[in-house]
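K.L.:
Protein chains in written order, with my numbering: chain L, 1 to 269; chain Z, 1 to 264; chain H, 1 to 566.
It is possible that part of the hints are untrue.
Within a straight-line C-alpha distance of at most 30 Å, the following computed DSS-like cross-link-like pairs (lysine-lysine) qualify [to be verified]:
no., chain 1, residue 1, chain 2, residue 2
1, Z, 91, Z, 194
2, Z, 221, Z, 242
3, Z, 91, Z, 80
4, H, 142, H, 69
5, H, 469, H, 69
6, H, 60, H, 321
7, Z, 80, Z, 96
8, H, 228, H, 321
9, L, 69, Z, 7
10, Z, 231, Z, 242
11, L, 130, Z, 231
12, Z, 54, Z, 80
13, L, 130, Z, 7
14, L, 250, L, 130
15, Z, 264, Z, 221
16, H, 228, H, 69
17, L, 69, H, 142
18, Z, 242, Z, 194
19, Z, 7, H, 390
20, L, 130, Z, 242
21, Z, 54, Z, 96
22, H, 60, H, 142
23, H, 321, Z, 7
24, Z, 7, Z, 25
25, H, 321, L, 69
26, H, 142, H, 469
27, Z, 194, L, 130
28, H, 469, L, 69
29, H, 469, H, 228
30, Z, 54, L, 130
31, H, 228, Z, 7
32, Z, 99, Z, 80
33, H, 60, Z, 7
34, Z, 194, Z, 264
35, H, 390, H, 469
36, L, 130, Z, 221
37, H, 69, H, 321
Derived from the structure by calculation, the hints contain no laboratory data.
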Amino acid sequence: MNFARYARHPFWQAVAILVLAFVVIEWGIPALPGSAIVPASVVLQYMATVLVGVLIYVSDSEERWALFKAPLHAALVEPRLKPVRVTGLVLLPLLVGAVTLGQVRATVQAPPSLRSIHPAPPPEITFRGKTMTLTGLENPLRARPDSLPAFVAEGRRIYYQNCLPCHGDHLDGQGHYAAGFNPLPANFQDNGTIAQLTESFVFWRIAKGGPGLPREGTPWNSAMPRWEDFLTEREIWSVITFLYDQTGWKPRTWEKTGGEMRDAGGGHD
Amino acid sequence: MWATNLKIVGVVLGTLALYTLIANKIPQLQSEVPQALTLGANVTPEQLVAAGEKLFNGAGGCTTCHGLGTRAPNLLTDEKGTGPIGARCGKREPGKACKQYLFESLDNPTAYVVAGYQPIMPVMTKQLSPPQIWALIAFLESQGGTVDVTASDIPQQSQLTPGASPGNPGGSFAGGSTDPMAIINAAGCLGCHKLNGAGGLIAPDLTHVGARRSAESIRRKILDPASSIAKGYEKMAGIMPKTFGTMMNAAQLEALVQFLASRK
Amino acid sequence: MTPLLLQAAADTSRAYGEFPIIGARAAVWIAAEVHLMFAAFVLGVPLFAVVTEAIGIFGKDQRYDRLSKEFTRLLLVAYSATAIWGAVLTFFLATLYPRFFAYLTAVFGPSMWLYVCLFFVESFTLYLYYYGWDRWQTGRAKWGHWTLGILLNVWGTIVMLIANAWLTYMMSPPRDITPTTDPASIKLWHAIANATWMPINVHRLIANVVFGGAIVGAYASYRFLAAKTDEERAHYDWMGYVGNFIAISALIVLPFAGYWLGREIYQYDQSMGITMMGGFMSWLWVIQAFLIAVLFLAGNYYLWIGMGRIPGAERFRPYTKWLLIVLVLGALVWGTPHTMIADSQELAAMGGSHHPLLGALGVMSAKNTAVNLMILTTFLSFLLYRRANKRPVVPWARTGTLLQGAMFALAAAVVLFFGIRGYFVDAIVRIGFSVYQVGAVLSCILFVTIIDVLMARGAQSLGVIQWGKMPARSQYALFVLAVTFTWLMGLMGFARSGIRQHWHVWQVMQDTSPYAATPALGYASRMISLCVLIFLSLVAFVFWVGGLAEKSTYVPPSKGEGHVGH
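With the rest of the complex left out, here is chain L (with noise of 0.2 Å):
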């Protein structure tokens, strides 16, 4: 049986392998409940690690590595398979082509940015004249546990008179407007924003918004206002606690450490 003897050979495995790879990355993934497409980069950057591992793959040992090449070596110098050699010499040159014509073209996308989603917050900030600092920074309504209902109630008004046309009913970052907006309203159910963060992070994205952002956080034609200019400092706490109570995440948390209160979070971000 020819195929089996195909798919026994190294060189056509390592072909299958990448074939396989590529197929499950672009379009299996994708596939997926509740998944969506992997961008360009990635993909590129699962293959590389795939090519490495098939290369590993078939030179690790002499024969499956003098078996690999052994189609390689055949196809650039047996007489009988000159058309496949020509078609390789051909197309190598205009796949190199192409790919450099796809990097160097104008198009008229914005290229793709690199926007850190959570910047670094500075130690301390000014809201309405008054110094804060960030650090160790606690919700000041958790406080008093007993009217937390009446603060989420109050958050829940504020949300909706304010932040319900790009955040959206589901607090999914998709309300009326999202679709216009570049960088997207942050989607607070997904556990990679608030469920991450401080409450006293949060508090710092709300009270200083777009404008408020460092460089890193750029591209910022963020949409955000600031809302320093527009809610109370006890307003903004309470729409983070009907942020946190609505979604279900819980606050990260600030550790102690000898009577101080510090972030110990570490995270490939």
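We have chain L already, so just place chains Z and H on it with the hints.
P.N.:
Just chains Z and H now, kept in the frame of chain L:
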């Protein structure tokens, strides 16, 4: 032997090239130094305008409202035939030249609110330093008008007393004036309190405060807002800034207290 | 704010110098990085010159003694290169950043004098150690000689601790020091014992061993490729293996030291920590993950090829592809960025720059799990390699192997359990989980090794390792390892000093030079590549000179004598 050496060099250079390429393929981001605006004594109007434009589009946060949308007038385009802000600024308030009008709208935004808009603008002199404010004014004037801001408008930094916030030269409101209404305007009291029908709703009306509180009680309330909360405003506790005591001098505080206590 | 403005005003001329063409920052960058690479080399190599000498003494194996001496010969030249680059760095700092250098000398003056003294003592210890090698070859004299080697390491380590104090002070000055503090009034010990000093010390000590091993591996592979006789090839094949073994073993514990350092940085200043891990530098860690994946893959690859020269290894060959699959999957997970690079269409489809599904692989839980499994896999590779030509004869051999298998399974299960559980708990709890994962992996390594040593007693040999029977591919893998280690060191150096951003001394002394902005990763990578290239060219020269010295004194052995055993 040379073939081996070349191969080694090839492997080394190839590895280096790969790593360099990867690091260069991702979008590049440089961490800039936060710019403190320093304008010398011989700053040109062009420099001021350029710095102001940056502020207008950037750290000033002006475009949040003064851009597209209806929250505030668009400053860069024509409004009802009066031209952009540089052209219309001199005609807004009678008796105020363009420069004075613009400074007032940044320093005390509620003093004059254009008809049809809400008094929501924050006091920019609290957020920006004097050089930034004047750069912003220069930029706004350049929008259809003539720039007449000069270096002499900008208070020199040596006048700053250490520790004072930049928007608050001398450590007191309104240049140390003891006119109660000037203090009330500068401190932004009417953002929350109502006085003679003007002002906000989230704090008690001060029009007749003298009938409810003694001078002593008003003084204590200004210095320590948490000391007493008016009935019906318990939910708003904690909103009144605790910093007024440190923001005005004793004469100003007394003038303010006596003025309010006399409002029976 | 005001003190900073005052400081800016005080910045008249003579605070900064200028360097032609490349600029002051690039000049200091190159000088510091190349100096550091040489320093790591001359600190790492003595560490295991002493270890290999001890193996030679205790195991009565002349081969190790010869290896140790060969390392030390490389040291001599590398040592003067370190000193030269150190001097270049000092002069560059004094002329290009005079105000900052004056500040450092005001704080650290006495420690600098001590540094110079120790450097002097260290040099002469090294001379004694190398030139006395053949004189003090036997008996008590050999023990004295070995003590010299230990002393050499002690001086070297203290020198490193002192230099570390200077640079960690720049990163994490004690909190009571402000821009207005008079530098002369700062207590020396107070400045030395700052928050990140100890973590950096430990991290660098381990990293130096890794680095020394990798460079020695590259040296051996160069000599292997250039060898003319089978004996030479066998010797350098073995040397490359030892270098690689030491580098990879030390690499396995390095992430834990790095984790401690990162934690201290977070505790010292949260915004510095976020700048490092989540902010401006977050992409640096994706590149780091890629480099470390290369290290793991290349290290394992070298072992697997090496199994080709061991009789009996064919029994284990079919398993290596499963190990490879685990490593590749681990590398995929580890390299998955949390915040992805995407254009606007892709962003819209994903609903933000977090992928709804793959984004889950971008967080700490997934990455810790991946790297711990990769470490386990690498250890398993070593184990198979070790056992390749042995057949255990102890009666409980089967039970022992099953027990080892159970330990691997248990460790992997613990790692996976806490990895998955990490998604369902608070961040504060999740951070603690990594300790359990690491604990499981390290204890698995420890106990499996103990069982393995006991089981290997009197084991039947299936044939000796045929040193020298290695394809050239494997030696190039060692080169890739050395280049990657060096590059990684440059990258981590950039991360460490880059998170200070526009500060010479974090929140104490601001960088007001034209080069105050922290450059983007692309520029940094070009600088790192340049530094690596300078370093490797000089090291190649050192190796070449080392070869010259050997040739001039080398007496070809008469026929049949061969050189000391394999």
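K.L.:
Does each hint fit the structure? Answer for all of them.
P.N.:
To see whether the hints hold, each was checked on the structure:
no.: 1; hint: Z/91 with Z/194; result: holds (28 Å)
no.: 2; hint: Z/221 with Z/242; result: holds (9 Å)
no.: 3; hint: Z/91 with Z/80; result: holds (13 Å)
no.: 4; hint: H/142 with H/69; result: holds (13 Å)
no.: 5; hint: H/469 with H/69; result: holds (25 Å)
no.: 6; hint: H/60 with H/321; result: violated (38 Å)
no.: 7; hint: Z/80 with Z/96; result: holds (20 Å)
no.: 8; hint: H/228 with H/321; result: violated (34 Å)
no.: 9; hint: L/69 with Z/7; result: holds (19 Å)
no.: 10; hint: Z/231 with Z/242; result: holds (19 Å)
no.: 11; hint: L/130 with Z/231; result: holds (26 Å)
no.: 12; hint: Z/54 with Z/80; result: holds (27 Å)
no.: 13; hint: L/130 with Z/7; result: violated (65 Å)
no.: 14; hint: L/250 with L/130; result: holds (27 Å)
no.: 15; hint: Z/264 with Z/221; result: holds (17 Å)
no.: 16; hint: H/228 with H/69; result: holds (21 Å)
no.: 17; hint: L/69 with H/142; result: violated (52 Å)
no.: 18; hint: Z/242 with Z/194; result: holds (19 Å)
no.: 19; hint: Z/7 with H/390; result: violated (36 Å)
no.: 20; hint: L/130 with Z/242; result: holds (9 Å)
no.: 21; hint: Z/54 with Z/96; result: holds (26 Å)
no.: 22; hint: H/60 with H/142; result: holds (12 Å)
no.: 23; hint: H/321 with Z/7; result: holds (28 Å)
no.: 24; hint: Z/7 with Z/25; result: holds (26 Å)
no.: 25; hint: H/321 with L/69; result: holds (19 Å)
no.: 26; hint: H/142 with H/469; result: violated (34 Å)
no.: 27; hint: Z/194 with L/130; result: holds (22 Å)
no.: 28; hint: H/469 with L/69; result: holds (20 Å)
no.: 29; hint: H/469 with H/228; result: holds (14 Å)
no.: 30; hint: Z/54 with L/130; result: holds (25 Å)
no.: 31; hint: H/228 with Z/7; result: holds (17 Å)
no.: 32; hint: Z/99 with Z/80; result: holds (21 Å)
no.: 33; hint: H/60 with Z/7; result: violated (38 Å)
no.: 34; hint: Z/194 with Z/264; result: holds (15 Å)
no.: 35; hint: H/390 with H/469; result: holds (19 Å)
no.: 36; hint: L/130 with Z/221; result: holds (18 Å)
no.: 37; hint: H/69 with H/321; result: violated (38 Å)
In the structure shown, a violation is registered for the earlier hints numbered 6, 8, 13, 17, 19, 26, 33, 37, in ascending order.
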